[in-house]
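Start from the sequences and build out the full structure, keeping to the hints where you can.
Chains A and B supply the protein sequences, listed in that same order. Just so we're aligned, residue -1 is where the first sequence starts under this note's numbering, counting upward by one. Just so we're aligned, residue 7 is where the second sequence starts under this note's numbering, counting upward by one.
Calculated directly from the structure, the hints in this document are not laboratory data. Take these hints with a grain of salt, some might be off.
Stated by the list, open to error - For the chain B half of the interface with chain A, some residues (derived, Cβ under 8 Å), not all of them:
1. F24
2. P30
3. P32
4. I34
5. F48
6. K282
7. M290
8. F296
9. Q301
10. A304
11. E315
12. S368
13. A371
14. L374
15. T375
Unchecked claim - Computed beta-carbon distance windows for the label pairs:
16. A326/A x A232/B: 53 to 63 Å
17. G272/B x T77/A: 48 to 58 Å
18. R419/A x Q337/B: 35 to 45 Å
Unchecked claim - Partial chain B-side listing against chain A, Cβ under 10 Å, derived:
19. D13
20. R178
21. P193
22. I281
23. H283
24. I298
25. I324
26. R373
27. I377
28. L378
Positions of the beta carbon are idealized from the N, C-alpha and C atoms, including for glycine.
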Amino acid sequence: MSDTAELESVDAFAARARSWLAGNMPRAADGLGGYNPVQRNDEAELAHIARCRELQRMLFDGGFAGICVPTAYGGLGLTAAHQSAFNREIRGYEYPADTQIPTFTPCMAVILEFGTEEQKRRHVPPILKGDAFWMQFLSEPSGGSDVAGAQTTAVKDGDEWVLNGSKIWTTGAWWADWGLCLVRTNWDVPKHRGLTVFMVEIHQPGIEIHRIEMLNGSREFCQEFLTDVRVPDSQRIGEEGQGWTVGTRWLYHERTISGGSPYVTSPAGRPAVALDPGGGSAALIPLARARGLLHDAHARELIGESHALGLVGNALTDHIAEEIRSGAASEQAAAITRLWFGVSAVRNSTISFELAGPTAVAWSQDEREIGRKGIRFLMRQTSCLAGGTTEMSRNAISERVLGMPRERTVDKDTPFRDIPRSRPAGSS
Amino acid sequence: MFPQSSDQALLAETTKKFLEAECPLPKIRELADSTAGFEPEFWRDGAELGWTSLVVPKEAGGGSVSEGGVRDLALVAYQFGLHAAPGPLSGTNVVAAALGRWGTEEQQIGPLGALLRGEAVSAWALAEPAPHGGFGQVGLRATETPHGFRLDGAKTPVDGGAEASHVLVVARHVSGLSQFLLSLPCPGLTIVPLEGLDLTRRFARLEFDGVQLAASSLVGAAGAAAPDVEWLTDLAVTVQLGEMCGAMQWAFDTTVQWAMNRYSFGRPLASYQEIKHRFADMKMWLEASFAITAQAAAAIDSGAPNRSELVSAGKFFIGRYGVELLQDCVQLHGGIGVTFDHDLHLFLRRVVCDAALVGTPSEHAARLTDILEEREAGR
Ligand SMILES: Cc1cc2nc3c(=O)[nH]c(=O)nc-3n(C[C@H](O)[C@H](O)[C@H](O)COP(=O)(O)OP(=O)(O)OC[C@H]3O[C@@H](n4cnc5c(N)ncnc54)[C@H](O)[C@@H]3O)c2cc1C
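Below is the structure:
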């Protein structure tokens, strides 16, 4: 089917997907789909990633990968409505949960939007086949909110660029394949004008990866040290110095992680990472029962609150996506959905923790499941940090959606070289 | 509030124009001193715009402007909230919906006809005083007599209970919940007007002391009204959701304008990040409220199995965050926000009343847990 041929109707597509899934995809163990939030050791993590690659390949071979990706790059060239229909159908099946973020969005979304024809033909098909996992190299030790303040530097040398610096907080860089990397190519112009984006192979001699232990024991967080990494100019995405044009769209695609991305395949229409990893409000009933609280009025109110937040969040996601699609709201409105998932996940984590009570801070072997609520609670703020903080989304909503005055900046017209910057942590 | 068909947009627009002309805010303040809180002609004209017929089936003389009468009504309710409009929108529509579905021919020709024409207004009496004060609890007794039924007990607060020509009463019969239509006045029934928060909304306590009713006053089968009462509850709450959304919108827009124009330390309030971030939260609450209201209304229209779930999620959320939004708008206005002269309180009153009636946010959260538990047991 070419992109200009008449599109298959959503209903026909859904019916075809339903029968294909029934005949080909394995059922998910927990009835919801692949995401398993339990900390894995490295071996288990690699096995999990290998399984994701396999599942992605199955989707590709079955003709259901890249539903909204143009056919020229191996996708189906269909619409967001087809993707939504597929997301409904895939409920209850295993699916490649970890391919979705950040590989499909924002990384592939950025490549599709800014890549040259050749770059798209080279990089998109391996993504759809599950052969390439991508990471975002955005945050740096000096700061992640001020994305345009990147200090990692690329200097041109013939047909190549030489990169030096460090990126940080990349979850899973140690096993991933490619990084989309925002760097500074000019220190003598104001900050937004001196940036460029590159596609960088992660596993190469100039890149040293340090794993960082999170407070829950996970070692998926990574820091990458780039020393004289040589990247051919053909791996530049967008024009030299135009990195912020790419960057603003990149951040938009990042916000659609919370819902509304046409590139995400997942039963809920958004990736599992954005969902309450505790299994949703239905799981709170057995939790309250285990704690002998099922008939406690306060506990029942908390459970209902959690359920309400889930339902309202789904309604909000659809509503904002529709407003953006119809043009009633600008794409900046995606920040509303992102803020919602931050604050509602925080609230859900608090509710779980409260229901779990003392067992969440000290548990016996057979109470481990409840004990996990405590560890999750310690990690509660990740939902408001990862993918751009909720403070940044509040800035975007007030300034870009409501049109309130922008924060005063000191770095607009001054060469980047001359503006105050964070000192590396630990120095004085 | 949500995507509308052209007919829905027309209904919303005519309602808006009419309310702007007929009850600007100074008028609302005048009506505060009136007995009924609204004028009969106002209501009759509103009925002509369609306010009373949207959730009544065509066969019973009603008619919506789209295939979704509850969505249509939610749009009208939104306009009511946006204008802090007076009038028995909820009581009349809930009773009309009941009569249009389960009323006898006689009830449909007489009382329903008058409601549809805007000549009569009605109230739905569900809530009760202690010891049956919890959401959905019914203690008022209906006992069989040789001629029909007698009712004993009390209902409070009944929205529009003193002004209504008809009251639909939810009662407990030995065989289960039953609903009765009473025309007022009625021997044995004492109506005690209540004081209340909303300037134009009147509430009453109804005391039933051996009120005698003919068997023909039953609406639906005796003892079998529980599902009807659930459905009417969801409808009444959805009217509140639409209305709260409208009132939130007014307060939000007004406060955004205020923050843009009010200066402090040489710059607009809206330039301070602390304040901008609160507006961002409010914007999120507002959009989430629109979204869940649209889904709740659509679920009633389509008869979706998760109807009550979406309605209660909406009531929990808007009941809690709608009130927060209004109070935060008061806060951001500073001292003027707590004055009688400023109009903000008209909307605060409306949202606070809606939040507290037909189930508090907490009670709706608990209802969601009941639903989850039933689902778990059914698996
Ligand atoms: C689980 C997880 C996964 C992540 N994965 C990745 C990844 O794959 N790739 C990647 O590049 N990054 C990743 N990040 C990093 C994440 O994007 C950053 O942590 C985030 O953007 C904040 O940057 P920072 O940590 O440097 O904090 P800072 O930018 O230093 O901010 C510190 C605090 O100050 C607030 N703040 C900063 N500036 C302002 C302002 N102007 N106004 C108001 N408040 C402000 C912030 O909101 C925050 O609360 C991940 C983070 C987490 C937690």
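#### Entry: Given hint F24/B near chain A, where the shortest CB pair must fall under 8 Å
Violated. Min distance 25 Å.
### Query
A326/A and A232/B, beta-carbon distance inside 53 to 63 Å?
violated (40 Å)
### Query
Is the hinted range of 35 to 45 Å satisfied by the C-beta distance from R419/A to Q337/B?
Given range 35 to 45 Å: holds, Cβ gap about 37 Å.
### Satisfaction of the D13/B interface hint, Cβ to chain A closer than 10 Å
violated (18 Å)
### Query
If you take the shortest Cβ to Cβ gap from I377/B to chain A, is it below 10 Å?
holds (8 Å)
### Message
Quick check on the hint: T375/B CB to chain A CB, less than 8 Å?
### Response
holds (4 Å)
### Hint check, K282/B versus chain A [nearest Cβ-Cβ separation less than 8 Å]
Where the cut-off is 8 Å and the nearest Cβ of chain A is about 3 Å from K282/B, the hint holds.
### Task
Let me know if the C-beta of F296/B comes in closer than 8 Å to any C-beta of chain A, holds or violated.
holds (6 Å)
### Task
Using Cβ atoms only, decide whether I298/B comes closer than 10 Å to chain A, and label the hint accordingly.
Hint holds; I298/B Cβ to chain A Cβ min 5 Å, cut 10 Å.
### Interface hint outcome for H283/B [beta carbon to chain A under 10 Å]
holds (4 Å)
### Message
So, as I understand it, the hint says R373/B touches chain A; can you test that by seeing if any CB pair is closer than 10 Å?
### Response
holds (7 Å)
### Query
At a threshold of 8 Å, is the proposed contact between S368/B and chain A supported by beta-carbon distances?
With a minimum Cβ separation of about 5 Å from chain A (threshold 8 Å), the hint on S368/B holds.
The structure does not agree with the numbered hints 1, 2, 3, 4, 5, 10, 16, 19, 20 and 21 stated previously, though it agrees with the rest.
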